[in-house]
Amino acid sequence: MADRPYPESGQMLYDYMSPLLANGKSVTLDLAGVISLPSMFLNASIGMAARNYGVETIKKNIVFYHVTKSQAERLREYFSRL
Amino acid sequence: MEPKQEYIFNSPNRGEWLAGIQNIRETYCAPNWIRVILSEKINRSNFACLHFVTLSCIIDMVSKSGGKVILQTLDDDLHQYIINDVRIKIYWREEEKTVFTEPEPSPFNLWRIDEKYYANYSMALNQYFERTYFEGKDLTGLNNCVAELFQNILDHAQAHGNAFFAICYHEERKEIEIAICDFGVGISYTLREQYPDSCKALQRSLLPGVSARTHKHNRGYGLDNIVSTMTSKDSMRIISNDAFLSKSQNMEKVDPLPYNFKGTLIDFTISTDSFDELEIIDELNFG
Numbered sequence: 000m001a002d003r004p005y006p007e008s009g010q011m012l013y014d015y016m017s018p019l020l021a022n023g024k025s026v027t028l029d030l031a032g033v034i035s036l037p038s039m040f041l042n043a044s045i046g047m048a049a050r051n052y053g054v055e056t057i058k059k060n061i062v063f064y065h066v067t068k069s070q071a072e073r074l075r076e077y078f079s080r081l
Numbered sequence: 000m001e002p003k004q005e006y007i008f009n010s011p012n013r014g015e016w017l018a019g020i021q022n023i024r025e026t027y028c029a030p031n032w033i034r035v036i037l038s039e040k041i042n043r044s045n046f047a048c049l050h051f052v053t054l055s056c057i058i059d060m061v062s063k064s065g066g067k068v069i070l071q072t073l074d075d076d077l078h079q080y081i082i083n084d085v086r087i088k089i090y091w092r093e094e095e096k097t098v099f100t101e102p103e104p105s106p107f108n109l110w111r112i113d114e115k116y117y118a119n120y121s122m123a124l125n126q127y128f129e130r131t132y133f134e135g136k137d138l139t140g141l142n143n144c145v146a147e148l149f150q151n152i153l154d155h156a157q158a159h160g161n162a163f164f165a166i167c168y169h170e171e172r173k174e175i176e177i178a179i180c181d182f183g184v185g186i187s188y189t190l191r192e193q194y195p196d197s198c199k200a201l202q203r204s205l206l207p208g209v210s211a212r213t214h215k216h217n218r219g220y221g222l223d224n225i226v227s228t229m230t231s232k233d234s235m236r237i238i239s240n241d242a243f244l245s246k247s248q249n250m251e252k253v254d255p256l257p258y259n260f261k262g263t264l265i266d267f268t269i270s271t272d273s274f275d276e277l278e279i280i281d282e283l284n285f286g
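From first to last, the protein sequence lines stand for chains A and B. Taking numbering that gives the first Met the number 0 as reference, the numbering of the first sequence is continuous, increasing by one, and the terminal residue is 81. Taking numbering that gives the first Met the number 0 as reference, the numbering of the second sequence is continuous, increasing by one, and the terminal residue is 286.
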């Protein structure tokens with residue numbers, strides 16, 4: 000997903016997560032090396048997943064690893080708005 | 000070919016500078032060559048990011064119309080800086096127009112906003128600042144800011160390539176200065192159906208959830224994300240269409256402009272005091 004526009008990489012992430020979420024499986028996202036989480040990326044990935052599978056499903060099934068403190072705040076804020 | 004129109008900028012003052020930029024936009028006759036003169040009152044120390052991006056947009060506007068800008072800088076130091084250090088000409092050389100330029104080893108960088116390269120810019124900018132001034136610091140906020148600004152232009156501006164971004168780190172003030180300008184349609188235009196009044200449109204554009212929704216990834220959190228990370232030492236100014244907004248953490252003021260700036264200019268300063276030490280959380284879940 001590196002070197003791609005954020006909406007495109009967000010879509011790629013959604014495409015990866017979707018079949019897993021559809022089958023009730025967990026998704027593990029390792030954010031090591033991820034430098035930003037802008038809204039267009041989150042909207043195209045997490046936001047899309049929330050719309051299609053429900054907010055509670057993604058809260059239960061998505062786990063983030065190696066998150067910076069700022070990214071954690073960002074994600075908390077984003078999830079709170081879903 | 001000799002320039003047929005001449006414009007003189009006598010002051011770096013924001014209001015006067017932007018009035019001068021607007022004058023060029025309103026009076027330029029394609030495909031004339033024009034001369035733009037920066038008086039000796041405009042020098043390297045007071046030539047800010049906003050001057051660079053608006054000047055670049057003017058040059059691009061004239062270039063796309065078939066003309067050329069002859070830039071005459073009466074301060075030699077500034078002339079050397081613009082032509083040799085920043086190398087502003089490269090953006091209008093045929094063979095180099097679409098090249099991606101790595102950040103220069105200086106605290107200032109100017110880039111044309113191009114969808115092909117903006118992921119590269121974000122990455123390169125982050126690596127540059129990590130390596131130099133902010134090793135061990137969490138730059139997520141800055142990176143998010145840059146990404147949101149770029150994407151707003153790509154999604155909404157309809158600038159047809161006439162959009163520029165400049166960033167400068169002022170080590171002595173511990174501030175990062177950013178400016179981004181496009182000669183597109185402007186924020187108020189994109190929100191006109193919801194908010195016919197330009198001032199109201201500009202104010203509302205900073206609120207979460209307000210969006211032109213031109214793409215499925217737009218949900219109106221772009222500018223709000225920038226505003227919500229502002230600390231008490233940060234400030235932002237936006238000019239778009241016929242409205243001017245000035246904002247800090249505890250203040251927001253919007254006024255009508257006496258002219259229609261077709262497009263958007265955003266410039267702001269970020270205090271680097273707000274950059275936290277990088278701290279990694281092993282696991283985060285919301286279940």
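I should point out that these hints are in silico values taken from the structure, not numbers from a laboratory. Be careful, since some hints might not be right.
[To be verified] Which chain B residues stay away from chain A? Per the calculated CB distances, all over 10 angstroms, these:
{"id": "1", "residue": "Gln21"}
{"id": "2", "residue": "Arg24"}
{"id": "3", "residue": "Gln71"}
{"id": "4", "residue": "Ala146"}
{"id": "5", "residue": "Gln150"}
{"id": "6", "residue": "Thr230"}
{"id": "7", "residue": "Asp241"}
{"id": "8", "residue": "Glu251"}
[What the hints assert, rightly or not] Here chain B is said to cover these stretches of chain A; the calculated rule only asks that three of the stretch's residues, wherever they fall, bring their Cβ under 8 angstroms from a Cβ of chain B:
{"id": "9", "segment": "11-24"}
{"id": "10", "segment": "34-45"}
Small disclaimer: the values here were computed from a predicted structure and weren't measured. Where is the CB? At the ideal position from N, CA and C, for every residue including glycine.
A quick look at each hint next to the structure:
{"no.": "1", "hint": "Gln21", "verdict": "holds, 31 angstroms"}
{"no.": "2", "hint": "Arg24", "verdict": "holds, 29 angstroms"}
{"no.": "3", "hint": "Gln71", "verdict": "holds, 38 angstroms"}
{"no.": "4", "hint": "Ala146", "verdict": "violated, 4 angstroms"}
{"no.": "5", "hint": "Gln150", "verdict": "violated, 5 angstroms"}
{"no.": "6", "hint": "Thr230", "verdict": "holds, 13 angstroms"}
{"no.": "7", "hint": "Asp241", "verdict": "holds, 27 angstroms"}
{"no.": "8", "hint": "Glu251", "verdict": "holds, 20 angstroms"}
{"no.": "9", "hint": "11-24", "verdict": "violated (count 0)"}
{"no.": "10", "hint": "34-45", "verdict": "holds (count 9)"}
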